[in-house]
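2 protein chains.
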Amino acid sequence: MKGIEQPSRINEEAIRKLRSGKHKPMSVEDFVLGIREGNRTILSKAITLIESSLHTHKEKAQEIIAQCLNSIRHPAGSIRIGITGVPGVGKSTFIEAIGKYLTANGHKLAVLAIDPSSSRSKGSILGDKTRMEELANDPNAYIRPSPAAGSLGGVARKTMESIILCEAAGFDVIFVETVGVGQSETAVHSMVDFFLLLMLSGAGDELQGIKRGIIEMADAIFINKADGDNIGKAEMARREYSNAIHLFPASTNGWTPEVGTCSSQTREGIIRVWEVIQAFTKITRENGAFARRRMEQDRQVLFDTIEEALKSQFFARKDIVHQLKILETEVVEGRISPYLAANMLLGKFNSGNVK
Amino acid sequence: MKGIEQPSRINEEAIRKLRSGKHKPMSVEDFVLGIREGNRTILSKAITLIESSLHTHKEKAQEIIAQCLNSIRHPAGSIRIGITGVPGVGKSTFIEAIGKYLTANGHKLAVLAIDPSSSRSKGSILGDKTRMEELANDPNAYIRPSPAAGSLGGVARKTMESIILCEAAGFDVIFVETVGVGQSETAVHSMVDFFLLLMLSGAGDELQGIKRGIIEMADAIFINKADGDNIGKAEMARREYSNAIHLFPASTNGWTPEVGTCSSQTREGIIRVWEVIQAFTKITRENGAFARRRMEQDRQVLFDTIEEALKSQFFARKDIVHQLKILETEVVEGRISPYLAANMLLGKFNSGNVK
Chain A
6 MKGIEQPSRI NEEAIRKLRS GKHKPMSVED FVLGIREGNR TILSKAITLI ESSLHTHKEK
66 AQEIIAQCLN SIRHPAGSIR IGITGVPGVG KSTFIEAIGK YLTANGHKLA VLAIDPSSSR
126 SKGSILGDKT RMEELANDPN AYIRPSPAAG SLGGVARKTM ESIILCEAAG FDVIFVETVG
186 VGQSETAVHS MVDFFLLLML SGAGDELQGI KRGIIEMADA IFINKADGDN IGKAEMARRE
246 YSNAIHLFPA STNGWTPEVG TCSSQTREGI IRVWEVIQAF TKITRENGAF ARRRMEQDRQ
306 VLFDTIEEAL KSQFFARKDI VHQLKILETE VVEGRISPYL AANMLLGKFN SGNVK
Chain C
6 MKGIEQPSRI NEEAIRKLRS GKHKPMSVED FVLGIREGNR TILSKAITLI ESSLHTHKEK
66 AQEIIAQCLN SIRHPAGSIR IGITGVPGVG KSTFIEAIGK YLTANGHKLA VLAIDPSSSR
126 SKGSILGDKT RMEELANDPN AYIRPSPAAG SLGGVARKTM ESIILCEAAG FDVIFVETVG
186 VGQSETAVHS MVDFFLLLML SGAGDELQGI KRGIIEMADA IFINKADGDN IGKAEMARRE
246 YSNAIHLFPA STNGWTPEVG TCSSQTREGI IRVWEVIQAF TKITRENGAF ARRRMEQDRQ
306 VLFDTIEEAL KSQFFARKDI VHQLKILETE VVEGRISPYL AANMLLGKFN SGNVK
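Protein chains in written order, with this note's numbering: chain A, 6 to 360; chain C, 6 to 360.
The hints are simulated quantities; they were obtained by calculation from the structure and are not laboratory data.
Just to be clear, a hint being listed does not mean it is correct.
One copy or two, either will do: identical chains are not told apart, so a pair holds if it fits within one copy or between any two.
Heads up, simulated SDA-like pairs for lysine to any residue below, C-alpha to C-alpha not over 20 Å straight-line [to be verified]:
#1 Lys-29 with Leu-332
#2 Lys-65 with Met-349
#3 Lys-330 with Arg-299
#4 Lys-238 with Ala-321
#5 Lys-353 with Ala-314
Let the hints inform the model, and build the full structure from the sequences given.
In structure tokens, the structure reads:
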């Protein structure tokens with residue numbers, strides 16, 4: 006853990022304040038300075054503010070984010086990579102393998118997780134870190150476990166804001182890890198530049214757990230655990246997916262999804278994954294799709310956040326929720342049109358708001 | 006056109022009133038009676054009310070729908086089939102071919118279209134009917150062109166309400182046709198029991214026009230125009246899609262998508278399409294997935310309609326839209342977090358509503 010919590014020498018004063026706990030809390034400026042210096046203790050503390058449910062923490066977090074955004078603008082140098090796959094596909098060992106390669110080649114890597122549906126306790130989060138033991142002790146890597154369970158929208162927001170802080174702290178490669186069984190892949194897809202799907206050979210049974218639509222989201226599919234007796238099966242799976250993926254409609258970003266095999270154990274194919282990501286980055290940066298996607302993502306977040314808040318206000322009204330339950334039954338049993346039911350509820354909502 | 010507008014003898018009084026135009030307008034009861042008797046003139050008139058932008062028409066339409074729902078409950082006998090494919094795939098001739106087969110075998114078929122993005126004029130709608138000339142003159146078929154251009158949400162609502170009226174009028178097979186190039190497929194998918202994708206052989210170029218994700222929605226893919234010199238290519242395409250589709254995650258309804266070939270010209274494979282639909286219906290009715298999907302669709306419409314209305318209210322505020330434009334630019338240029346921008350707008354919206 007030493008690598009992760011290692012304080013920066015430049016900001017010892019701030020750290021001292023932070024540690025002693027007796028002095029007044031760190032100011033927004035302290036945070037921004039610490040983050041921009043790459044101090045991971047302060048980065049962690051700032052992400053904790055993002056995750057906090059306290060109003061004062063949230064406000065402070067927003068100010069920190071605003072200043073970090075102003076200081077980095079659009080960090081042309083960073084690449085945000087979503088990594089997904091069912092439990093057992095070997096995400097942790099894969100991340101450890103490619104992560105060590107990246108840090109050895111001068112990159113600074115942040116690993117975030119988004120997994121709101123999971124019931125991971127603090128204990129098993131530590132378990133996660135232990136599984137990435139080498140990376141956890143790497144001074145050029147920063148591993149942040151997934152925020153405490155919450156709504157998908159909330160967790161997505163926290164992850165996206167954490168990405169901003171990590172980039173301000175100088176991390177140029179961001180991994181966002183998710184388990185490919187829920188709705189979180191769509192959320193991850195909406196915040197990364199590149200979406201990597203890890204699969205196992207012996208397609209069929211393994212697929213049952215993966216949600217429909219994920220395959221079409223992937224910018225690359227890699228068949229993991231392509232080692233030992235598994236090599237032949239993995240190569241067959243690769244060919245099958247490669248054929249299948251060319252039947253999909255082409256993406257508008259000029260990139261054709263790549264299918265490959267890799268092994269975190271033998272490290273075979275791991276460098277290839279990074280080469281594919283670099284090829285993707287080169288093509289989409291040159292044709293403008295990279296920047297366009299980030300802008301579109303930000304715009305989408307703006308509208309999604311508004312939408313979510315409007316819905317929350319509606320469903321916070323107890324009288325509405327009460328009538329909704331009754332009408333929902335009527336609708337589902339086919340006694341009333343869903344459009345009429347919606348209009349009745351909206352009428353009630355608006356008249357209640359006027360009062 | 007005679008077949009379509011043929012009045013029912015039972016309801017001559019209502020027709021007379023309708024035609025003369027001098028008498029008071031038809032009552033809700035007149036409409037419901039006429040629809041339940043299968044009178045197509047009255048059915049058309051009712052659908053026109055659904056499509057009207059006049060408030061009094063809308064209200065009347067809602068009452069008619071409510072009474073039709075009460076009279077049919079969940080019509081266990083009907084099947085709603087979405088049919089999509091790029092322009093040129095031969096949807097009209099396919100519908101004509103399978104439609105004639107269905108009406109010859111005792112079914113009553115209604116064909117609706119959902120295509121909000123199209124700029125079809127009334128003229129080319131007639132062109133559509135002409136292309137389905139035999140079906141248009143079939144007393145057991147009812148063809149209703151797509152409603153005038155509008156928002157996708159609006160067109161989806163109108164189509165779904167039209168389905169209810171068609172079922173009340175005794176149509177047991179409903180086709181909802183769409184062009185597989187826009188967002189309307191998702192809308193159609195949300196209102197049908199079975200989703201049929203028509204494709205052409207020579208996969209690749211033809212696919213460019215189809216939106217990502219549509220293939221995974223399909224309950225069946227049929228390669229159309231499998232005739233003459235095309236047969237070999239079509240069979241090859243069938244095999245490719247068949248292999249590809251098995252790599253997809255299994256659906257939860259117990260149905261494995263079917264891939265086949267057909268020709269509207271030679272009628273080869275057309276009956277097979279209907280057999281596939283019947284097999285699907287049998288399996289999903291027995292395992293409960295059929296009823297579950299309809300209930301889920303109704304519930305979804307309820308929540309979607311509420312959401313759309315809440316958004317409309319928000320974006321109807323001119324001061325909000327003005328500030329939104331400014332903040333959107335700030336967000337897209339990376340100067341402000343999209344979350345913060347959303348909160349600023351929501352604050353303005355709520356303070357404005359209190360006044």
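Hints, one by one, checked against the model:
1. Lys-29 with Leu-332: Close neither inside one copy (53 Å) nor across copies (34 Å); limit 20 Å.
2. Lys-65 with Met-349: Answer is between; shortest inter-copy Cα gap is 15 Å, intra-copy 41 Å.
3. Lys-330 with Arg-299: between (39 Å within a copy, 18 Å between copies)
4. Lys-238 with Ala-321: neither (52 Å within a copy, 57 Å between copies)
5. Lys-353 with Ala-314: both (19 Å within a copy, 13 Å between copies)
In summary, the structure is inconsistent with hints 1 and 4 from the numbered list given earlier, while agreeing with the others.
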